[in-house]
Amino acid sequence: MIADASIFVGIALLLFLIGFAGFIKSKSAIRMLIAVEIMLNSANINFAIFALYNDIGFVTGQIAVIISIALAAAEAAVGLGIILSVYRNHGTVEATDFQALKG
Amino acid sequence: MVEEVVHLIFSDFAVFIPIIPIVASFIVLFAGKYVDKKAYGNLIALIATGASFILTLLVSGEIILRLLLDHAHIEQKIAATWFHVGDVKIEIGVLLDPLAAVVSLMVALIAFLVVVYSRSYMSHEGSPRYYAEINLFAAAMLTLCLSPNFIQLFVGWELMGVCSYLLIGYFYDKEVVPEGQPHPASAAKKAFLTTKVGDIFLFAGIILLYLETLNFGQPTFDFIEVRDLLEAQAIHFDPMWFVFIALLIFGGAVGKSAQFPLHVWLPDAMAGPTTVSCLIHSATMVKAGIFLIARSYFVFEFADSDAMLIVALIGGITAIMSGTIALVQTDIKGVLAFSTISQLGYMTIGLGVGGMAVAIFHVINHGVFKALLFLSAGSVIHGAGTQDIREMGGLREKMPQTSIVMLIGSLSLAGIGNGFFSKDAIILHTLDHALHEPLVMLVWLSAVITAFLTAFYIFRLWFLVFPGQSRKPEHHAHESDSWMTRPLWTLAIVSLVLAGIYFLGNIPVLNIELIPLLNIEHHMFEWLEPLKPAPDIDKGLTVLTQLSSLIIALCGIGLAYIVYYPRKNATVTFSADGTFKFEVSEKDSIVGIQETSRSVIRSIKLTFIGRGIQRLLEKGYYIDDLYLGLVHVIYAYYCELMNWLEKNIFDNAVRFTGRIGYELCGFSRWWDDTVVDGLVRLTGRASVALCGLAKATDERVIDHGIIRGSAKGVMKTGGYIRRVQTGVVENYALYSLMGAITIIIIGLFIAGVLPL
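So the sequence lines, in the order shown, correspond to chains A and B. With our numbering, the residue at position 64 of the first sequence is 64, and numbering never jumps. With our numbering, the residue at position 263 of the second sequence is 263, and numbering never jumps.
Think of the hints as simulated: they come from the structure by calculation, not from any bench. Hints are not guaranteed to be accurate.
Selected chain A positions facing chain B (Cβ under 10 Å, derived; list incomplete) [to be verified]:
(1) Phe20
(2) Ser26
(3) Ala100
Derived lysine to any residue pairs resembling SDA-like cross-links, with alpha carbons at most 25 Å apart [said to hold, decoys possible]:
(4) Lys25(A) - Met738(B)
(5) Lys27(A) - Arg723(B)
(6) Lys398(B) - Lys581(B)
(7) Lys189(B) - Ala77(A)
(8) Lys647(B) - His632(B)
(9) Lys189(B) - Arg129(B)
Label pairs and their in silico Cβ distance ranges [stated by the list, open to error]:
(10) Leu14(A) - Tyr638(B): 50 to 60 Å
(11) Asp173(B) - Ile30(A): 39 to 49 Å
(12) Leu214(B) - Lys102(A): 52 to 62 Å
(13) Ile743(B) - Asp4(A): 22 to 32 Å
(14) Ala70(A) - Tyr638(B): 22 to 32 Å
(15) Asp87(B) - Asp4(A): 23 to 33 Å
(16) Asp12(B) - Thr60(A): 33 to 43 Å
(17) His236(B) - Asn54(A): 38 to 48 Å
All values derive from a computational prediction rather than experimental measurement. Note that beta-carbon positions come from the ideal geometry of N, C-alpha and C, so glycine has one too.
Given the sequences, and given the hints that come with them, work out the whole structure.
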């Protein structure tokens, strides 16, 4: 129909890796949250693309994407809430400063 | 009227009208720091809005000329498919028709002038963010004006809401707010949430209209298609159901255009910069509600006439209510804000009684003169360094240009000038409509009283600001530079030219059409409602209304002159009881009249009722307090309910459980003392004996061998493994990536892609 699916999958992979690199490299929790959103979007692209290239139907994949976007929005809200409360309690959002899980 | 579809020469440019500002908005945001550094990237915004304005001038100018000269029927849609959902095709593009042409021309002109004006006005407080938001707003409004379907219209509508929010809260980090004014951040929140209430109604209306078309088998959001469907299949639909849909759509307009129950956000929105108040909260965005109803007017026409009646009544209430509040405002922007709400009420009345042509006619005229008034007010604030008219006065010598242009704007608002024609048309249509619908008589009364109030309060403002002596000489007011005065003069000239054109087209009172080509008021009906026959209004009624409109406006100005004009260099002071005091050194006959009338007014004001009314108006009819109180009452009742539940139900439940527990304890104590204790003692003896045996085993085998050994093992292992748990989030993320890669590799092995 348009182009080879692998191009889009490649773009999604690239986007995922960009998001992941951002997640690994960034110190600020807010940046990490943004990076997670990028990764989620790469997953959304996969949904839409595989729906487009399968016989299941175009709309099914798009609905999955919309649900996933709604989930991402909820997740971002919760994440920002946590970051805000962390900031209020500790005065910083640098993720490296929080090692409460350290064994 | 010739029914032929004409090809427009410049129609291909129409798509770029909204695209240029939206692109420029992003460029300004990121490059504004580097280009045109001194003015925060004003140059980019200037070029973009200027280009957009020139394109609009070409496109709309051509449409208007074709309409005037050829009497052509223009309705051209240039659109591409945006997306499909099921059978519905949503398009994105432009719809070129007379309505879009006239409104977008006004929007583009004012947006351009405001950006020019901002270069000087925002020279200290500006930022690339400001210009980016202004440009984004212009793009959103033009998208809305040119949109061919409800979905694109709604996108523009919401985008404008966001820009309004961002720009009202532009000074969000302001620390000191003048007393009695809201903080910009909370004003922005209030504006956004209040209009959102209307937006939800609008969206519900759009969806219901869509469902109605779906029922008929032709699902569409397109304006033209919906209209044609309604016209073709009128008998199959239920007009009562359309009243509901029409009122939902009107709900959106009530929010955006600040009509009666939801008008509370607009006065607070004045917390933004004056340029923003001018562009968004008087000249363009608040007109979007009127535009929306004009766009979907076929729904209102199709609905039962109750819908129109409600629209007219809401307009009437809004007009007179905010007109009276404007009388007691002491903030220069406050007067203009309430005046805007009042004039929007006029437009709503126009929609409710005369059809959309008069309303859109007033939208255009009001857009021009209210933008002029707001920009003049901005110039005054910039020059005098205050917004409070109690601290102004005597600015005519210091700001001669501003005083003249503001006089032109005030005259126009008062109903002498280009504002006369549209305001008079609305009053006339209301009166004509009232002959069939007695309830509209109230609306007409409200419109006439508001006309008087308008003339009074705007000249109260002008007389208190410009003539006389300065009340705060230490402020050193100065005239604004040419970046600000040139847009003012442009608007003033546009206002005068429009007035001249209307006058030449149809001289009021005498009712002579000097040059029929220029009778824009009449042409508006032809262009906007080509299918309806031109309204046939009695000539005598027309002359009577026009004459009385003029007299009312002059009376208002005259009363303002008598009460507020400082004759013979009177010193004006603002006293603690909330009135202006005038002290005159020399006297003549007019000063005598002024003094008597002032003392009469003061004695009325000092009575119990007078003070009550004054307080009522200053508080804005307590509508804000009512909303706040309502929330408090609901919350208080909720708390009461919870308290009652806690006291009566939960407490008793807890006590009951306690009692059962107590009784059970008594029983179990007896059981414990007699039965269990005996058993325990017996067991104890046996245990002691066994323990002796076990102790020996324990010490030798278990302690040294198993327990210590395993503990050591666990500690050692833990010591190694704990290093994995660094507590650093990134490391965990890395582990999960490694895990994912491992799973993928295993998967590839299982799938047989990689050989085992």
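Here is how each hint holds up against the structure:
At a threshold of 10 Å, the smallest CB-CB gap from Phe20(A) to chain B is about 6 Å, leaving the interface hint in force. Of the supplied interface hints, the one on Ser26(A) holds, with its beta-carbon coming within about 8 Å of a beta-carbon of chain B, less than 10 Å. Annotation: Ala100(A) was flagged as interfacial toward chain B, and the flag holds, the nearest CB pair being 6 Å apart, inside 10 Å. For the given pair, Lys25(A) sits about 16 Å from Met738(B) by alpha-carbon distance, which is consistent with the 25 Å threshold.
For the hint linking Lys27(A) to Arg723(B), the alpha-carbon distance of about 21 Å falls within 25 Å, and the restraint holds. Restraint check: the Cα-Cα separation between Lys398(B) and Lys581(B) comes to about 23 Å, which is no more than 25 Å; the hinted pair holds. At roughly 18 Å between alpha-carbon atoms, Lys189(B) and Ala77(A) fall within 25 Å of each other, so this suggested pair holds. Under the criterion of a C-alpha separation no larger than 25 Å, the hint pairing Lys647(B) with His632(B) is consistent with the structure, at around 22 Å.
Distance hint between Lys189(B) and Arg129(B) is fulfilled; the C-alpha atoms sit about 18 Å from each other, no more than 25 Å. Roughly 52 Å separates the CB atoms of Leu14(A) and Tyr638(B), a value that falls within the hinted 50 to 60 Å. Remark: the range hint 39 to 49 Å for Asp173(B) to Ile30(A) is contradicted by a beta-carbon distance near 19 Å. For the pair Leu214(B) and Lys102(A), the supplied restraint of 52 to 62 Å holds, since their beta-carbon distance comes to about 59 Å.
Evaluation of the 22 to 32 Å hint for Ile743(B) and Asp4(A) yields a pass: the beta carbon distance comes to about 26 Å. About 29 Å separates the C-beta atoms of Ala70(A) and Tyr638(B), a value consistent with the hinted range of 22 to 32 Å. For Asp87(B) and Asp4(A), the hinted distance range of 23 to 33 Å is satisfied, since their beta carbons lie about 30 Å from each other. Taking 33 to 43 Å as the suggested C-beta distance range, the pair Asp12(B) and Thr60(A) conforms, at roughly 39 Å.
The given range of 38 to 48 Å is respected by His236(B) and Asn54(A), whose C-beta atoms sit roughly 41 Å from each other.
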